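Enquirer: Residue numbers (this note's numbering), protein chains in the order written: chain C, 1 to 467; chain W, 468 to 746.
Just so you know, the hints here were simulated from the structure itself, not pulled from any lab data.
A portion of the hints provided could be inaccurate.
Stated by the list, open to error - Partial pick of chain C residues on the chain W-facing surface, computed with a CB cut under 10 Å:
| # | residue |
| --- | --- |
| 1 | Thr246 |
| 2 | Ile278 |
| 3 | Arg280 |
| 4 | Tyr367 |
Stated by the list, open to error - Among the chain W residues that face chain C by a calculated CB cut under 7 Å, a handful are:
| # | residue |
| --- | --- |
| 5 | Leu544 |
| 6 | Pro548 |
| 7 | Ala550 |
| 8 | Val554 |
| 9 | Leu555 |
| 10 | Gln564 |
| 11 | Arg565 |
| 12 | Arg567 |
| 13 | Tyr570 |
| 14 | Val577 |
| 15 | Phe581 |
| 16 | Tyr594 |
| 17 | Leu733 |
Just so it is clear, the structure is predicted and the values come from calculations on it, not from any experiment.
Just so you know, even glycine gets a beta-carbon here, dropped at the ideal spot from N, CA and C.
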Amino acid sequence: MNSLLTPLQTWTLLDTWIVVIGALAAMACALPGCFLLLRKQSLMGDAISHTSLLGVVGAFFVSHWLVEAKVISPTTELSVRHVAMCVGAIVVGVLSAWLTESLQKLGNVESSAALGVVFTSLFALGLLLIRAFADNVHIDLDCVLYGEIVTAPMETVGKSGVPRAVIVNGFVLLINLLLTILLFKELRLSAFDPALATTLGIPAQTMHYGLMGLTAMTLVAAFESVGSILVIAMLIIPPATAYLLTDRLPRMIGLSLLIGAISAALGHVSALTLPPLISRSIGIADVQDASSAGMMAAAAGFLFVLAMLLGPRYGLAVRVWHRLLLKLRIASEDVLGQLYRMEETAPRVIADADSSDVRQRTSWHRYITTHSWKSRIATWLLMRRGWLTGSHSDARLTDIGREAARTLVRSHRLWESFLAKHFLLGEGRFHESAEQVEHFLDPELLAELDHDLDRPGVDPHGRAIPK
Amino acid sequence: MSTSVVVDHEAMQEPLPRPVAAQSPASMVPLLIEDVTVAYHRRPVLWNIDYQAPSGKLIAIVGPNGSGKTTLIKATLDLVPRAAGQVLIFGEPYSQQRHRVGYVPQRTSVDWDFPVSALDVVAMGMYRKIGWLRRVSRKYREAARQSLDRVGMADFADRQINQLSGGQQQRVFLARALAQNADLYFMDEPFAGVDASTERAIVEVLRSLRESGKTVIVVHHDLQTVDEYFDEVVLLNMRLIAAGPTAEVFTPENLRKTYGGKLALLDQLSEKMAQPRSR
Chain C
1 MNSLLTPLQT WTLLDTWIVV IGALAAMACA LPGCFLLLRK QSLMGDAISH
51 TSLLGVVGAF FVSHWLVEAK VISPTTELSV RHVAMCVGAI VVGVLSAWLT
101 ESLQKLGNVE SSAALGVVFT SLFALGLLLI RAFADNVHID LDCVLYGEIV
151 TAPMETVGKS GVPRAVIVNG FVLLINLLLT ILLFKELRLS AFDPALATTL
201 GIPAQTMHYG LMGLTAMTLV AAFESVGSIL VIAMLIIPPA TAYLLTDRLP
251 RMIGLSLLIG AISAALGHVS ALTLPPLISR SIGIADVQDA SSAGMMAAAA
301 GFLFVLAMLL GPRYGLAVRV WHRLLLKLRI ASEDVLGQLY RMEETAPRVI
351 ADADSSDVRQ RTSWHRYITT HSWKSRIATW LLMRRGWLTG SHSDARLTDI
401 GREAARTLVR SHRLWESFLA KHFLLGEGRF HESAEQVEHF LDPELLAELD
451 HDLDRPGVDP HGRAIPK
Chain W
468 MSTSVVVDHE AMQEPLPRPV AAQSPASMVP LLIEDVTVAY HRRPVLWNID
518 YQAPSGKLIA IVGPNGSGKT TLIKATLDLV PRAAGQVLIF GEPYSQQRHR
568 VGYVPQRTSV DWDFPVSALD VVAMGMYRKI GWLRRVSRKY REAARQSLDR
618 VGMADFADRQ INQLSGGQQQ RVFLARALAQ NADLYFMDEP FAGVDASTER
668 AIVEVLRSLR ESGKTVIVVH HDLQTVDEYF DEVVLLNMRL IAAGPTAEVF
718 TPENLRKTYG GKLALLDQLS EKMAQPRSR
């Protein structure tokens, strides 16, 4: 453990800033990401991350042209360019969404195909423009699209020592938070039921384009500091994780913010600690750390898998557990039913009590030795609950156990009668179906069956249906 | 505009006069559809619909699949564009009368895994009243709860909507429409795939709406229950076949016309209009 944490002893202010920048970017992305996810348009974010290149290139041209035309001085070019980049991204984001929908309608193609056409073409157009004008305008794409989170803290604002990336991402987060809070119910309704929203006078279509614009702006602002992969990951994964953990939208949004922030911290810490550990264990000494951005995305993915496995309602573990409980319940009920039928066939006639007792014991013994471990566990549980008495080799129903058993046998025979009345089924086939169905008939359905069959006294085999 | 009860394309019958609705001023007519035609990709799906709904009645729109029932509602609510014609709601265009119209879309039109509770969904019906940027206050949550109570779903207010059965989901939609507190309701197949008790609950709500003077227009599939549930019927198959009081219009003759296949000529014409080159 000590050796694992050794790299953290050199934790500096720089590391703190890296985590803060990553967390701010992740949280800013998670907000539009939640609504994209609910609209089933998560990949729209990925597409917009590509098409926004066109907006970015456009911004370079505009700022360059403004300097040439002496409208602004070269010293202010950078800040003008950043504003232009945001505006350009918003425009292209809305344009991509609009183009996708138009293609879908006019070209009669599937939405994912339309999306594929639009984002690859616009991205290619952006690349072409860069090639065509690279001689005149210097476009430093590295710093725009492939931002490196580790170097982001170096560029600070004035003498404050606060990295510019913190200000930018914090500002975008603030805008997104404000819009999400103010327009919460409009965003929710437009995503859930656009038709109703429109009839109520909330323009769902405009809200949709607005969301696309906001997504594009958020992406472009975050690209520069944390790089495109991390941004796309943070747009999709924390909302998807939160979606697994809750079924209320406000909680989902809150959780996605939290998960984004945790992913950033966890990612950077793992980037520092895991590589040396792994490289040491396989005998290579020179790997010191890994890409923090990559690790943050991986951490988000890790949290998603955790939520998928351990989520409270939809988690895999919970579902396996519930299935196990169901199997045990069915096994218990089968044991009860079996004992009830044994009592039926071996009535305790006083004169012949001993022989009927022996008969029941042997048939129980045959039952329990031919059935699986589930029946044995079920027997043990039923004894603990007081529904069975005696021993494993000679189990008997208690009064309360007999009551439960009677209900089960009643379910079984009512269902058989129902099948006989309404289904064209060979007589030999009733039992199998009833063995399944008997475990799922609640009092309400039983009453309905009873009513439908006009309170039958015997089942199709002529056996009494217990009341 | 004609007030005929039966739109008889072959002029086999004398038009019957409609006594009340025809004389009432336009602002009293909940829904007036005048010569509306709707086309998807230039292909007409509804031809020249003329219809005037009487006030305070339960009205069924009946017709085979693809006959344009849902489209008629959507065109009325400006959800799909009209190629021609106009719609007046209480004498004014829909955009001016949104607050008087409630809408229940098909249950399958939304994602029931959406992370909202039944109460949240019902409250959505009041978003217009609540207004932009405002939160759903306690007052509105209380009103939503009462709407849920009216459809017998008060106990399910805090359930996530995917934990409800199909019938319960439909009741939530109905409660949402009630919360809208409109004068004219459009419901798209509220009876589709619901259990018997939900069907009874919906019918009860429809009747109580009628008692309080509301007009309800319902897309309905089950021909067996039309005359039991509805005062008026609109028979539709790309064109208006007949409309009027159920007793007069819901006849075997009209049903045969409605369900006896589309007019072949109309279909061919639609085809040609969608692809003008293939003459």
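Enquirer: Hints first: check each against the structure and report whether it holds.
Expert: Against the structure, the hints:
Given the 10 Å rule on beta carbons, the hint for C:Thr246 holds: about 7 Å separates it from the nearest Cβ of chain W. Given the 10 Å rule on beta carbons, the hint for C:Ile278 is violated: about 38 Å separates it from the nearest Cβ of chain W. A least Cβ separation of about 44 Å between C:Arg280 and chain W goes past the 10 Å threshold, and the interface hint is therefore violated. Given hint, C:Tyr367 at the interface with chain W, is violated; its Cβ is 38 Å from that chain's nearest Cβ, farther than 10 Å.
The closest approach between the C-beta of W:Leu544 and any C-beta of chain C is roughly 5 Å, which is under the 7 Å cut-off, so the hint is satisfied. A cut of 7 Å between beta carbons decides the hint on W:Pro548: the least distance to chain C is about 12 Å, and the hint is violated. About 16 Å separates the beta-carbon of W:Ala550 from the nearest beta-carbon of chain C, more than 7 Å, and the hint is not met. Taken as an interface hint, W:Val554 does not check out: its beta carbon lies about 13 Å from the nearest beta carbon of chain C, beyond 7 Å.
Hint on W:Leu555 is violated. Least Cβ distance to chain C is approximately 16 Å, over the 7 Å limit. Here the hint on W:Gln564 is broken, as its CB sits about 11 Å from the closest CB of chain C, past 7 Å. The criterion of a C-beta within 7 Å of any C-beta in chain C is met by W:Arg565, whose closest approach is roughly 5 Å, and the hint holds. Annotation: interface hint on W:Arg567 violated; nearest CB of chain C at approximately 11 Å, more than 7 Å.
Against a cut-off of 7 Å between C-beta atoms, the interface hint on W:Tyr570 holds, since the closest Cβ of chain C lies about 5 Å away. The closest approach between the C-beta of W:Val577 and any C-beta of chain C is roughly 5 Å, which is under the 7 Å cut-off, so the hint is satisfied. A cut of 7 Å between beta carbons decides the hint on W:Phe581: the least distance to chain C is about 5 Å, and the hint holds. Interface hint at W:Tyr594: satisfied, since its Cβ lies 6 Å from the closest Cβ of chain C, which is below the 7 Å cut-off.
Below 7 Å, beta-carbon pairs count as interface contacts, and W:Leu733 has none with chain C, the closest being about 23 Å; its hint is therefore violated.
Going through the hint list in order, the structure does not satisfy hints 2, 3, 4, 6, 7, 8, 9, 10, 12 and 17.
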